[in-house]
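If you read the sequences in order, they're chains A and B.
Take the first sequence: its letter number 1 is residue 8 in the numbering used here, and every next letter is one higher.
Take the second sequence: its letter number 184 is residue 532 in the numbering used here, and every next letter is one higher.
Hints should not be assumed to be uniformly reliable.
Claimed, not checked - Below, a list of computed lysine-lysine pairs in the DSBU-like style, where the Cα atoms sit at most 30 Å apart:
1. A:K271 - A:K289
2. B:K391 - A:K289
3. A:K289 - A:K158
4. A:K271 - A:K158
5. B:K391 - B:K511
6. A:K289 - A:K310
7. B:K391 - A:K158
8. B:K391 - B:K459
9. A:K271 - B:K391
Stated by the list, open to error - Calculated from the model, a selection of chain B residues having no Cβ within reach of chain A, i.e. all distances over 10 Å:
10. S448
11. G486
12. A510
13. R519
14. S549
15. G582
16. N633
17. A634
These are calculated hints, taken from the structure and not from any lab test.
Keep in mind the model is a prediction, meaning the values are calculated, not measured.
In this text, a Cβ means the ideal position worked out from N, Cα and C, and glycines have one as well.
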Amino acid sequence: MNAAQLDAFLAAATDGIEFDGLSVTPADAGYAVSAGDGCDEIGTDEELRAFAEENPWFVSNWHYWNHVVGDAEARYAFLRWLERAEERSVRERYEALADGVARSWGQLRLEARLGEDGRRRYAIRHEADIDVPSSDLDRYDDPLAARELVKLDDRGRYRPLKTAPTLPTGWSYPDLDGHDLVRTVDFVYPATIANWHRENEGALDVTHFREAAERQTGIYDVVDELSVEELEAATESCCVDSQCLKRRMWDEDEETELDVPRGKGEFPCREPCSLFVTAARKFVTLGREETRSYEFELTPTEKEQLEEIVDAVAEGRVEEIREADLNEGANRYRARYLRARRTDEHGLSGTPTYPEDHG
Amino acid sequence: MQALVIVGHGSHLNPGSSTPTFAHADTVREAGAFDEVREAFWKEEPSFREVLRTLESDTVYVVPLFVSEGYFTEQVIPRELRLDGWDVENWESGDGVSASYATHGATDVEKTVHYCGPVGTHDSMSDVIAKRAETVTGNPDVGEGFGLAVVGHGTDRNENSAKAIEYHAERIREADRFDEVKALFMDEEPEVDDVTDHFESDDVVVVPLFIADGFHTQEDIPEDMGMVDDYREGYDVPTEIDGHRLWYSGAVGTERLMADVILERAAEAGAALEGAIDRVRRDANAEVAGD
Ligand code: SF4
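Pulled out of the complex, with its shape left as it was, chain A reads as follows (with noise of 0.2 Å):
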């Protein structure tokens, strides 16, 4: 507590003060206070300067949330979850964030500690970098460097969804004020601490599929012709937590949940992203073609080498398929082979995929 905040408190308990266990209410003689336990009598204002100093934890939170924050709802919310404000005591409080307080956010690490006068400071990194000391990591300052900061992942691919599970490593903002800490978390995760909050509030507007896919117009009108099947399909592929660290809040519509998990994520995806429409439009494109019969001849192994690469190319391990490991149905000598052996200038064994145009 500084000199500014004693002052800020006295002049504010002419008014009454009631703020995480701090009360302060004036009464004919001075004023009745409690910090955390037991209530007081003060009479002069000599004795509530007094009290201010025995309880200087109260008066710089209590400083710290109403003047330094102050009101902007989301961004209040958002650091006081920071800080398990809402289940910790005042006196539990600071002497969690005297060590730091941390949690996670995507895959963020967040961090809450103590700076001077009862401010807090936070600090930002990604989780997978929690034991690397801060030396070894890159420092950042300003919130803005984030958008670049996290345009590309560790293997230098465009993220084009930005709640992707491919944050980089590699980085720290060790030292920011609660105002900078959210605009960053907002260049990494754009408007999650606004629908989170919103969330928590009971007044997350979701919009559903059909909804969302009714408002499309150009190119991606087609997106409703999408089938149930077919949007579980997509929901699955896209919304999961392998490929997307939100929470999928929408559905079908509002009757019509889909049969896919929607996440773990600590915020909500509230509607269909771009990315999502985009990928929609392919498969209804997809989705129109008819079903054809043809026949190959593949040995037993082979055929279980294609699911095999089906399923590495969808789960994104193709790159981790060591070039020697021959038993791997994925790896690129095993897959050069197949194509020696079995692709010709028609196709998979030799069958057109057009059998009509090749008489």
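For chain A, the structure is supplied; the task is to place chain B with the ligand on it using the hints.
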């Protein structure tokens, strides 16, 4: 509190597509007139759909970083922002180049949204095109002895794209700075392929009215004009073709002075800017002068 939101197209495939939007947003931030400045995209996040809820300000100016009026500015953006009661009729444009702004609430947030016309059709965009000619020639006085080609996409889903190009070509012609000014297109007559046929001047500056550099500005146009057979080989500026020197500038949207157009749009819609426009202009000019 007042916020500025710059809305751009963005891309699922090209990581560089949002770069000009970020750069102009930073210039506007540095100018200091807004409490919050945020970028939003059609194909990236935050989406148009969610950007308003991330702002703490009650008053929001939205400026589309698009070349022309049409499908995106008239349908997609207002719809996705949930502008309450949006009607393109109220946008003061019937001719495809005169939309100024319209004020609406949004149905999902309690904010006043001043939705502005796109940067590409604003009068001051003519200055940015001229500035682009200065930047690419490295000559703040470029004009005499030079022709200028303003290049657009042409026939497209966007019916108004040609209008914006012709509008600026006409304005720059009237300013009488360049010996000749022509509007040329990729997909309609007169075509950029025959650029040298359209000019008598030995030196011709070619400025594409595109927001971000990408496929069209980096590959198609240089190849169409014959500056290079395969864009991957790179090209010189200027390149000599049929006795003319072509000064090809790349997308005008990457010019620093674009931030000025964004501010002009917001100012016309009522934003309090306190000298921010002057600051941006001064800095952009200092850049060409080599300070
Ligand atoms: S629609 Fe699916 S992929 Fe897109 S953000 Fe929501 S949960 Fe993630």
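Here's how the hints hold up against the structure:
no.: 1; hint: A:K271 - A:K289; in the structure: 27 Å, holds
no.: 2; hint: B:K391 - A:K289; in the structure: 16 Å, holds
no.: 3; hint: A:K289 - A:K158; in the structure: 24 Å, holds
no.: 4; hint: A:K271 - A:K158; in the structure: 24 Å, holds
no.: 5; hint: B:K391 - B:K511; in the structure: 26 Å, holds
no.: 6; hint: A:K289 - A:K310; in the structure: 26 Å, holds
no.: 7; hint: B:K391 - A:K158; in the structure: 14 Å, holds
no.: 8; hint: B:K391 - B:K459; in the structure: 24 Å, holds
no.: 9; hint: A:K271 - B:K391; in the structure: 25 Å, holds
no.: 10; hint: S448; in the structure: 24 Å, holds
no.: 11; hint: G486; in the structure: 28 Å, holds
no.: 12; hint: A510; in the structure: 19 Å, holds
no.: 13; hint: R519; in the structure: 30 Å, holds
no.: 14; hint: S549; in the structure: 40 Å, holds
no.: 15; hint: G582; in the structure: 22 Å, holds
no.: 16; hint: N633; in the structure: 24 Å, holds
no.: 17; hint: A634; in the structure: 22 Å, holds
Comparing the model with each numbered hint stated earlier shows that all of them hold.
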